[in-house]
Amino acid sequence: MSDRMNALALAARLRMNFEAAGARVVEPPYLQPAETLLDLYGEDIRARAYVTTDALRGEQMLRPDFTVPVVQMHMSHGAEPARYTYAGEVFRRQEHDEDRANEYLQVGYEVFDRKDPASADAEVFALIALQLRDMPVRAATGDIGILMAAVQGLNTTDLRKAALMRHIWRPRRFRALLDRFAGRAPLADSRRKLLSTEGVLTGQVPAIGKRRPAEIDARVDALRADAAEPPIAEHEILALEALMAVRETIPYASEQLRDIAVDLPSINPALDRLDARTAAMKARGIDIETLDFEASYGRTSMEYYDGFVFGFYADARPDLPVIASGGRYDALTRQLGQGAEIPAVGGVLRPDLMLRLEGAEQ
Amino acid sequence: MTLKLGVPSKGRLMEKTFEWFAKRGITLSRTGSDREYAGAVEGVDGVDLVLLSAGEVPRELAAGRIHLGVTGTDLVQEKLPLWEQQVEEVAPLGFGHADLILAVPQLWVDVDTLDDLDAVAAAFRRKHGHRLRIATKYHRLVREYLMDAGVADYQLVDSQGATEGTVKNETAEMVADITSTGETLRANHLKLLSDGPVLRSQATLWRSRTAKCSADEKKVLGALLDRLHNG
Chain H
1 MSDRMNALAL
11 AARLRMNFEA
21 AGARVVEPPY
31 LQPAETLLDL
41 YGEDIRARAY
51 VTTDALRGEQ
61 MLRPDFTVPV
71 VQMHMSHGAE
81 PARYTYAGEV
91 FRRQEHDEDR
101 ANEYLQVGYE
111 VFDRKDPASA
121 DAEVFALIAL
131 QLRDMPVRAA
141 TGDIGILMAA
151 VQGLNTTDLR
161 KAALMRHIWR
171 PRRFRALLDR
181 FAGRAPLADS
191 RRKLLSTEGV
201 LTGQVPAIGK
211 RRPAEIDARV
221 DALRADAAEP
231 PIAEHEILAL
241 EALMAVRETI
251 PYASEQLRDI
261 AVDLPSINPA
271 LDRLDARTAA
281 MKARGIDIET
291 LDFEASYGRT
301 SMEYYDGFVF
311 GFYADARPDL
321 PVIASGGRYD
331 ALTRQLGQGA
341 EIPAVGGVLR
351 PDLMLRLEGA
361 EQ
Chain L
363 MTLKLGVPSK
373 GRLMEKTFEW
383 FAKRGITLSR
393 TGSDREYAGA
403 VEGVDGVDLV
413 LLSAGEVPRE
423 LAAGRIHLGV
433 TGTDLVQEKL
443 PLWEQQVEEV
453 APLGFGHADL
463 ILAVPQLWVD
473 VDTLDDLDAV
483 AAAFRRKHGH
493 RLRIATKYHR
503 LVREYLMDAG
513 VADYQLVDSQ
523 GATEGTVKNE
533 TAEMVADITS
543 TGETLRANHL
553 KLLSDGPVLR
563 SQATLWRSRT
573 AKCSADEKKV
583 LGALLDRLHN
593 G
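Going line by line, the protein sequences match chains H and L. Its first residue numbered 1, the first sequence is counted upward by one per residue in the working numbering. Its first residue numbered 363, the second sequence is counted upward by one per residue in the working numbering.
Please keep in mind that the hints were generated in silico from the structure rather than gathered at the bench.
Chain H stretches covered by chain L per the calculated footprint, using a threshold of three residues with CB under 8 Å from any CB of chain L:
hint: 1; segment: 167-176
hint: 2; segment: 189-195
hint: 3; segment: 209-220
For every residue, glycine included, the Cβ atom is placed at its ideal position computed from N, Cα and C.
Construct all of the structure, not just a fragment, from the sequences and the given hints.
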């Protein structure tokens, strides 16, 4: 059989296993309205997804993943609680590395359940780990929710917190903002000059464009007000940095994070959720003593995860991308739900990579 | 078989290219009528002149249909994602200087850096219900530049000409365009961001890394490159 037929056969088996675990099979369409994906990911998605058009429907994208269409389907007419599984191709435009696949199979499992998030997290992780049993893979886990709780709890203005929250998934810009709010980064010359002025600054040049003078005046006022605010306290910044650097097995990570919570007490509820999840994973037979936890894991993937995150890697094959990955995306259901929301968690496997790993083993 | 040299088929870019080669003892000329894109090469044997639009030169180089070609750095980097693997820079030609820049209305007294732009994009989206629009024809270069800088909540809208006018017409909030002097920007009440240009471009002679070369052609190429470097 060809590689592709083997991958399709494996995908069918994996999906059947998820079905046996209680999931309903869904088949989202290949073409997705581009607008939804653009709204979620911004312009960056154009570098990752194939865009096509027709005169009636406008821009369409070849699905870059299943999560968004599955969430949309569930939010429009799903019953609760729900478990879904799917298998099929996703398409990723490649502009830098010809060796990376631009079309590959994904098999996924998604849980929409309000009752017990910790247990749902553990269920998804354990089912995926089960599908990968006996394969030479290592799991990495993280929890974006802890960092988000830390930012929300900082003793600073809501504007600064909102700016940091917006860039949780862009670590470099997050860093730059943090340095600025901590008073570590020097002000740009233009900003210093702007802050030395008083009164209304628009009115000197023609008012062109859709961004009106009132919006500009309002931002100048906001910048002046922000300049009068004290920097974020040193002990909070240090604790936040320590948090982002935590990289340990789960038991030690949990201990370190509780120490950090002395300076950032706002993370305690998120840490309680981490402990509840760890207990649920243990109850499902996961060896949590050796399971890795990285507090910054999942921040660079341009995804929508806002809680538990995980990935399975083939350490002996650094040339292979992540074999399986997933996480919790409560906020995504809120964004796509038009007023409705539901806690949700899911993950995907890549059968093509699993076969390559198996082939290398024999 | 002959070595194929692609150069822009009209305008100042063609004239300047002809001058640059002439200074090195190689005469390029258009033959036949003004409308016919045929050319001749004197001063070196075994080279064919191919007249092309500057925008097509990158594609022809990457496909290996021409061995050498003259076009701007901007066009090569916009059109060829793996340009370093597909072409090699032989020589910058010292003309056709232009920067790909980001420009916002002069009215935006609160915006000078990419930091400002990012913050304003977020506020703009909240207020107007759509992302801040940047008019450009250099989609890939601008997107990669902004992605690298971590700017979010913008969208690129295609503009193949009169880009500076889009702000006044309210079909875009700002522009990313090629400028040599900045006069058009000022005339349209726009100003540059201070972080520097997205890309500095000039007319450049490129060698295709993919074009097949027979032994004879290699000899011709070697002799030609020697002439150009020593000229």
